[in-house]
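Starting from the known structure of chain R, arrange chain A with the ligands on it as the hints suggest.
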Amino acid sequence: MAEYKGVLIFGEVTNGKLASITTELLGCGRNFADELKEDLCCLLVSDKTGETAPRDAIVFGADKVYTVEDSLLKEYQGETYIQVVERLAKELSPRVILMGQTPVGRDLAPRLAFRLGTGLSTDCVDISVDSETKLLRQTKPVYGGNAQAIFICDAMPQLVTIRAKTMSPRERDDSRKGEVIPTKIEINMSPIKTKIVEKVKEEVTGIKLEDAPVIVGGGRGIGGPEPFKTTLKELADVLHGAVGASRPPADNGWIPEAMHVGLTGKIVAPEIYIAIAISGASQHIAGCSGSKTIIAINKDPEANIFREANFGVVGRYEEVVPAFTTKLKELLAG
Amino acid sequence: MPDIKMVVCCKQVADPEAPPTAFKVDSATNKVSLPRDIKPVIGQYDEFAMEAALKIKDKAGGKITVLSLGNNIARDVIKKTLAVGGDELILLEDESFEEGDSWSTAYALAMAIKKIGEYDLIFCGRESSDWDAGQVGLGIAEILAIPALTLARKVEAIDGKARVEQVIPDGYQVTEVSFPAMLTVTSELGNLRYAALKGIMAAAKKQPIVWKPADIGLEPSQVGAAGRRVKLVKLFQPTKEAKCEIVEGESPAEAGANLAIKLRETKII
Ligand SMILES: Cc1cc2nc3c(=O)[nH]c(=O)nc-3n(C[C@H](O)[C@H](O)[C@H](O)COP(=O)(O)OP(=O)(O)OC[C@H]3O[C@@H](n4cnc5c(N)ncnc54)[C@H](O)[C@@H]3O)c2cc1C
Ligand SMILES: Nc1ncnc2c1ncn2[C@@H]1O[C@H](COP(=O)(O)O)[C@@H](O)[C@H]1O
Chain R
1 MAEYKGVLIF
11 GEVTNGKLAS
21 ITTELLGCGR
31 NFADELKEDL
41 CCLLVSDKTG
51 ETAPRDAIVF
61 GADKVYTVED
71 SLLKEYQGET
81 YIQVVERLAK
91 ELSPRVILMG
101 QTPVGRDLAP
111 RLAFRLGTGL
121 STDCVDISVD
131 SETKLLRQTK
141 PVYGGNAQAI
151 FICDAMPQLV
161 TIRAKTMSPR
171 ERDDSRKGEV
181 IPTKIEINMS
191 PIKTKIVEKV
201 KEEVTGIKLE
211 DAPVIVGGGR
221 GIGGPEPFKT
231 TLKELADVLH
241 GAVGASRPPA
251 DNGWIPEAMH
261 VGLTGKIVAP
271 EIYIAIAISG
281 ASQHIAGCSG
291 SKTIIAINKD
301 PEANIFREAN
311 FGVVGRYEEV
321 VPAFTTKLKE
331 LLAG
Chain A
1 MPDIKMVVCC
11 KQVADPEAPP
21 TAFKVDSATN
31 KVSLPRDIKP
41 VIGQYDEFAM
51 EAALKIKDKA
61 GGKITVLSLG
71 NNIARDVIKK
81 TLAVGGDELI
91 LLEDESFEEG
101 DSWSTAYALA
111 MAIKKIGEYD
121 LIFCGRESSD
131 WDAGQVGLGI
141 AEILAIPALT
151 LARKVEAIDG
161 KARVEQVIPD
171 GYQVTEVSFP
181 AMLTVTSELG
191 NLRYAALKGI
201 MAAAKKQPIV
211 WKPADIGLEP
221 SQVGAAGRRV
231 KLVKLFQPTK
241 EAKCEIVEGE
251 SPAEAGANLA
261 IKLRETKII
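In order, the protein sequences belong to chains R and A. Each residue of the first sequence is one higher than the one before, counting from 1 in our numbering. Each residue of the second sequence is one higher than the one before, counting from 1 in our numbering.
Isolated chain R, as found in the complex (with noise of 0.2 Å):
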């Protein structure tokens, strides 16, 4: 029976430089690294792993640090990247195994689970050591956010994917000390059976949502395309934010995919976020939560997006939004 020790996280590299999810991962791993008195370490995968991601994973908490270097993997494929995982898991053994809830860990880490015939909570948002078993409490949100579950898992590895946003990540220490090991690992191209023909890329305008400070959700209340682009972009410009939207935009293609906000979609934290004829479904909401202020204007004074906000306004978006954004204009300048 083979002995399952350490921590392993699956880290993340976008345009060379180490993802914030995967520092918030080094956070935490760090943290049940020390309390279990075993190594972190970070797996890091793409055709170019550079030097500054391993290092940066070492300053924010790894002690070993696996790069697996293959032009295949240049972008991401689950039936690429599944093997790196598979045999890398296999071979370090670890108790613990922590991925994002990223768009790359939604699609890799069930296929690892089933792979390593594990167990895996997606999306958790809390996840702490039992003193007395030693294993993972994983707590996640269920019901679309109506309500939250502790799992415990006792096959091992025990596998997690963690929310965005939800944990800390330790202060840079550039004199942490650790190791950077080159790894090579074949890629058998004969079990490949899906192929990538073509990319799109649909623009997005403006600030990313991630990084605004201030977001300007849109709901189905809006009515279409059009004050998306007007109304709601310029109140958003006055505030230097960006645009967001809840599903059912998405979904009618009033707006990109990618501006969509919720458990499906993108979770953000901004300073201030602005829910617009949205009525706070608690899909929504887990999207938005950890936002430090949330108004909330809509015509319904019963709608459910009021129990989430700190202030709101009831009316007509298309008479309150104006108003709002002029005088917000008016006191800015002052």
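Keep in mind that the hints were calculated from the coordinates and are not lab data. Some hints here could point you the wrong way.
Said to hold, decoys possible - In silico DSSO-like links for lysine-lysine, alpha-carbon gap of 30 Å or less: (1) Lys299(R) <-> Lys55(A); (2) Lys199(R) <-> Lys55(A); (3) Lys262(A) <-> Lys193(R); (4) Lys201(R) <-> Lys37(R); (5) Lys292(R) <-> Lys24(A); (6) Lys37(R) <-> Lys134(R); (7) Lys5(A) <-> Lys195(R); (8) Lys74(R) <-> Lys154(A); (9) Lys329(R) <-> Lys114(A); (10) Lys37(R) <-> Lys17(R); (11) Lys243(A) <-> Lys292(R); (12) Lys299(R) <-> Lys24(A); (13) Lys193(R) <-> Lys5(A); (14) Lys195(R) <-> Lys267(A); (15) Lys266(R) <-> Lys195(R); (16) Lys262(A) <-> Lys24(A); (17) Lys5(A) <-> Lys199(R); (18) Lys5(A) <-> Lys229(R); (19) Lys201(R) <-> Lys266(R); (20) Lys154(A) <-> Lys299(R); (21) Lys199(R) <-> Lys57(A); (22) Lys208(R) <-> Lys262(A); (23) Lys24(A) <-> Lys266(R); (24) Lys177(R) <-> Lys37(R); (25) Lys208(R) <-> Lys267(A); (26) Lys229(R) <-> Lys262(A); (27) Lys39(A) <-> Lys193(R); (28) Lys193(R) <-> Lys267(A); (29) Lys165(R) <-> Lys55(A); (30) Lys266(R) <-> Lys154(A).
The structure presented is a predicted model; accordingly, all values stated were derived computationally and were not measured.
Same frame as chain R, but now just chain A with the ligands:
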């Protein structure tokens, strides 16, 4: 090209669109309860999956088998899949299927699909509307050792292959996969069509096929709660303090202006 054989996995769930205040947790049984008048539904993403299969059947022809695992599955709820154009309904229905996890659910569904035998495409929702896990589809694919593509927003079947538009962070990618394959479907694919009266009447006459664990070659110890890897230890509702300050005015416009003033006063802006 012979007809395309499709399997769609649909789960009965508590209505995810029910008002958040209607959801209550019974801490003794660790179960969610909704008021009686709120009826269970087919998972939202499972409905999109059904629509994906119907779109293929529209164009290329084919047979759609709907597969659902649970206990006490409401016939009037699940038969909607037949009314909109599904050809066959198989229920994995037994007490022992209850309280499983993604593992035991995927395993039983995969065994049922093996028993069905011939299949070109398996469709699942990207995630269930109750556990929001997003695992079962990929799990089925791993167990059957077939390729899987997630987050399909458009699917076409051409020459023994599926051509799939998958949602990626900044747009979409077109991916091709040969049959058999498993696809998970996302909301952009479009809502499930309405059933025509004719379909509803035909569905009312059809009887679902019911399989027990033994019918798919499994022991009760391999399914549901007994076969799971992940154990639910607690279900609860986080408390939150209601604190919304409603800003008013003589007119909606004035209320809007007052909101700006309020935000300034409280130094939020
Ligand atoms: C598994 C699952 C995952 C999901 N994931 C997400 C997700 O990630 N993100 C998401 O957003 N949803 C998600 N949903 C869908 C979610 O349940 C709701 O259906 C959705 O959020 C509703 O969007 P909405 O508030 O814009 O629309 P509605 O609920 O239709 O609300 C529209 C609101 O606009 C108001 N309104 C209408 N006209 C005006 C006007 N002129 N002025 C002011 N107010 C007006 C109405 O009073 C109403 O409150 C998910 C659902 C499931 C089952
Ligand atoms: N009990 C079930 N019966 C039929 N299909 C299911 C069941 N559970 C999950 N599925 C399918 O798997 C998808 C993902 O479920 P989950 O992994 O629970 O989020 C769902 O959208 C369904 O298509």
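Against the structure, the hints:
1. Lys299(R) <-> Lys55(A): Roughly 37 Å separates the two Cα atoms, so the pair is violated.
2. Lys199(R) <-> Lys55(A): Judged against 30 Å, a Cα distance of about 23 Å means the pair holds.
3. Lys262(A) <-> Lys193(R): The given pair, whose Cα atoms are some 58 Å apart, is violated under the 30 Å limit.
4. Lys201(R) <-> Lys37(R): With Cα atoms ~45 Å apart, Lys201(R) and Lys37(R) exceed 30 Å; violated.
5. Lys292(R) <-> Lys24(A): Distance ~27 Å between Lys292(R) and Lys24(A) Cα, so the pair holds.
6. Lys37(R) <-> Lys134(R): holds (12 Å)
7. Lys5(A) <-> Lys195(R): holds (22 Å)
8. Lys74(R) <-> Lys154(A): This hinted pair holds, its Cα atoms lying about 25 Å apart.
9. Lys329(R) <-> Lys114(A): violated (64 Å)
10. Lys37(R) <-> Lys17(R): Roughly 28 Å between the alpha carbons, so the hint for Lys37(R) and Lys17(R) holds.
11. Lys243(A) <-> Lys292(R): holds (13 Å)
12. Lys299(R) <-> Lys24(A): holds (27 Å)
13. Lys193(R) <-> Lys5(A): holds (19 Å)
14. Lys195(R) <-> Lys267(A): violated (53 Å)
15. Lys266(R) <-> Lys195(R): holds (26 Å)
16. Lys262(A) <-> Lys24(A): violated (35 Å)
17. Lys5(A) <-> Lys199(R): Holds, because 28 Å separates the two Cα atoms, which is no more than 30 Å.
18. Lys5(A) <-> Lys229(R): violated (43 Å)
19. Lys201(R) <-> Lys266(R): Distance of about 17 Å is within 30 Å: holds.
20. Lys154(A) <-> Lys299(R): violated (35 Å)
21. Lys199(R) <-> Lys57(A): holds (26 Å)
22. Lys208(R) <-> Lys262(A): Given that 30 Å is the threshold and the Cα spacing comes to 27 Å, the pair holds.
23. Lys24(A) <-> Lys266(R): holds (27 Å)
24. Lys177(R) <-> Lys37(R): Answer holds: Lys177(R) to Lys37(R) is near 17 Å, not above 30 Å.
25. Lys208(R) <-> Lys267(A): The given pair, whose Cα atoms are some 25 Å apart, holds under the 30 Å limit.
26. Lys229(R) <-> Lys262(A): holds (26 Å)
27. Lys39(A) <-> Lys193(R): Violated: Lys39(A) and Lys193(R) sit about 41 Å apart, past 30 Å.
28. Lys193(R) <-> Lys267(A): The given pair, whose Cα atoms are some 56 Å apart, is violated under the 30 Å limit.
29. Lys165(R) <-> Lys55(A): Cα-Cα ~38 Å, so violated.
30. Lys266(R) <-> Lys154(A): holds (21 Å)
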